[in-house]
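Asks: Here are the chains, one letter per residue:
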Amino acid sequence: MLKLSKYVLYDIVRSKIILAYTLFLFLVSFSLFNMEENSSKAIMSLLTIILIVVPMISMIFTTIHYYNSYEFIELMLSQPMSRRKILLSEYAGVSVSLLSSFLIGVGIPILVYSPDAIGFSFLFTGGALTLVFTSLAFLTSVIARDKARGIGFALLLWFYFALIYDGLILLILFTFSDYPLEKLTLVLTALNPIDLGRISIMLKMDVSALMGYTGALYKDFFGSGSGILFTVGIMFLWIILPLWGALRIFKKKDL
Amino acid sequence: MIRIENINKRFKKLQALIEINALFEKGQVVSLIGPNGSGKTTLIKCILGMVKADSGKIYFNNELINGDPSYRSQIGYMPQIGRYPDNMKVGQLFKMLKNIRNVPAEKLDEELYHQFKLGEIADKPMRTLSGGTRQKVSAALSFLFSPEVLILDEPTAGLDPLASEILKEKIIKEKMKKKLILITSHILSDLDELTTHIIYMQEGKLQFFKEIESLREETGELKLGKAIARIMKGEKFSNEWIDKMFEINKEGNIY
Chain A
1 MLKLSKYVLY
11 DIVRSKIILA
21 YTLFLFLVSF
31 SLFNMEENSS
41 KAIMSLLTII
51 LIVVPMISMI
61 FTTIHYYNSY
71 EFIELMLSQP
81 MSRRKILLSE
91 YAGVSVSLLS
101 SFLIGVGIPI
111 LVYSPDAIGF
121 SFLFTGGALT
131 LVFTSLAFLT
141 SVIARDKARG
151 IGFALLLWFY
161 FALIYDGLIL
171 LILFTFSDYP
181 LEKLTLVLTA
191 LNPIDLGRIS
201 IMLKMDVSAL
211 MGYTGALYKD
221 FFGSGSGILF
231 TVGIMFLWII
241 LPLWGALRIF
251 KKKDL
Chain B
1 MIRIENINKR
11 FKKLQALIEI
21 NALFEKGQVV
31 SLIGPNGSGK
41 TTLIKCILGM
51 VKADSGKIYF
61 NNELINGDPS
71 YRSQIGYMPQ
81 IGRYPDNMKV
91 GQLFKMLKNI
101 RNVPAEKLDE
111 ELYHQFKLGE
121 IADKPMRTLS
131 GGTRQKVSAA
141 LSFLFSPEVL
151 ILDEPTAGLD
161 PLASEILKEK
171 IIKEKMKKKL
181 ILITSHILSD
191 LDELTTHIIY
201 MQEGKLQFFK
211 EIESLREETG
221 ELKLGKAIAR
231 IMKGEKFSNE
241 WIDKMFEINK
251 EGNIY
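Just so you know, the protein sequences line up as chains A and B, in that order. Here our numbering is used: the first residue of the first sequence is 1, the next is one more, and so on. Here our numbering is used: the first residue of the second sequence is 1, the next is one more, and so on.
Keep in mind the hints are simulated off the structure, nothing from the lab. Take the hints with a grain of salt, since some may be wrong.
Stated by the list, open to error - Computed far set for chain B versus chain A, every beta-carbon distance over 12 Å:
#1 Lys52
#2 Ala122
#3 Lys210
#4 Leu215
#5 Glu217
#6 Lys233
What the hints assert, rightly or not - Where chain B lies over chain A, by a calculated footprint (3+ residues, C-beta under 8 Å):
#7 4-15
#8 249-255
We put the CB at the ideal spot given by N, CA and C, even for glycine.
Full structure from sequences and hints, please.
Replies: So this is what it looks like as structure tokens:
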């Protein structure tokens, strides 16, 4: 499996897209830290960008890579190689390259300018989101038969998690504003990895004081040890479940 | 060596395979012939596990094919349309497969690689190769690990006369080594000198599975092409004959 991943990685590195992505992340975070004097302000701005860009790039890159390496997958299938192994090596190759891209591009500026708890939880969130959306993209690519449909599907999913979902939450909160919704919002947050990441970082910062009563409840929960465990656990589920689904579908697929 | 029991496969509206039963033994050269879309490639892909049959069982050396891919180490497969990673060079492709399969060097069969002079184009990326050259690469790859079973899907299509002659010589050589060889082809004259058994498929059904000698005796033709043509015509003839019988009956009813 390691051998296969090595070839997948080699293929990805050569395409240079991943290099451009690293450079982009590096430039954005470096310039943000230089523009803002206050490092926590810079992290806030960086958070907004990262929460949009990382899921999108992860999904689109993974989808395009999957369809481009279809021939490779086909070739491997005629060899004594199980489907599980093939898909997992693909996943390992893609996720390792995207993850290292993020950790280099954003990690180095953060280590230089803000090497504290906020910085590290920022890196954790970004890394987890990379893996989550890589898994989701694998699931959609395995389901969709052709490239156009696969990319469309991936973009739709990204759109849903990045924009539509927040709108839906607001709608629910306004409609049922007469009821106590704190617990419900907590559950709803867990259903969107982007929101989960955003809240878990924001609550570590001073801005959480502006969030009122719900903010206080959140801070109480996410600040505690069990809250951190909750965040990590849910993120983990978001990585594992789509990948597991993709494996199940891929095993039964006709190629 | 390969036993196929009651295989059925349906692609949405198209019933690709209907109740296929067959038994292939060592030393046989089995030709799969039939019109386009009669299910030959689907049957081959079922044996390779690339297409999952809806029902039925396939045994390889008396072991049920059921997810464990190790049996494929004994199969060399030459696909109808060889699709390979675009950026990979010819030399890299061979190196990668050797690396993945981990077969000791003395067991490698590089005869075709040398005869097709693939060493000279080792630096060319796969995407720049012509269809025929690609076909040569596929052929060399399928024989590379000296497998016990060779599955060749339209091996001579697209090859120049010289290359096609080299490939035929190679197939005859492997036939002498008592290997099982499955070939599909539309060029019946190519099969004439190779084949020992004929499978004729039509609309997903296995019409007959016969030794070539008995086929020759039944039809009184020495050439395979003519023998098959006679059988195909014969069926048509009998259909017409039945139609005529019905017409007479109808007329009989009127009077």
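Asks: State for each hint whether it applies.
Replies: We went through each hint and held it up to the structure:
1. Lys52: With a cut-off of 12 Å, lysine 52/B comes too close to chain A, as the shortest Cβ separation is near 6 Å.
2. Ala122: Consistent with the label, alanine 122/B stays out of reach of chain A, its closest Cβ about 17 Å off (over 12 Å).
3. Lys210: Given a closest Cβ separation of 29 Å, the condition holds.
4. Leu215: Correct as stated: the minimum Cβ-Cβ distance to chain A is 31 Å, above 12 Å.
5. Glu217: Non-interface label stands for glutamate 217/B: nearest chain A Cβ at 37 Å, farther than 12 Å.
6. Lys233: 35 Å, holds
7. 4-15: holds (count 5)
8. 249-255: As far as the region 249-255 of chain A goes, the hint holds, because 5 residues have Cβ atoms under 8 Å from chain B.
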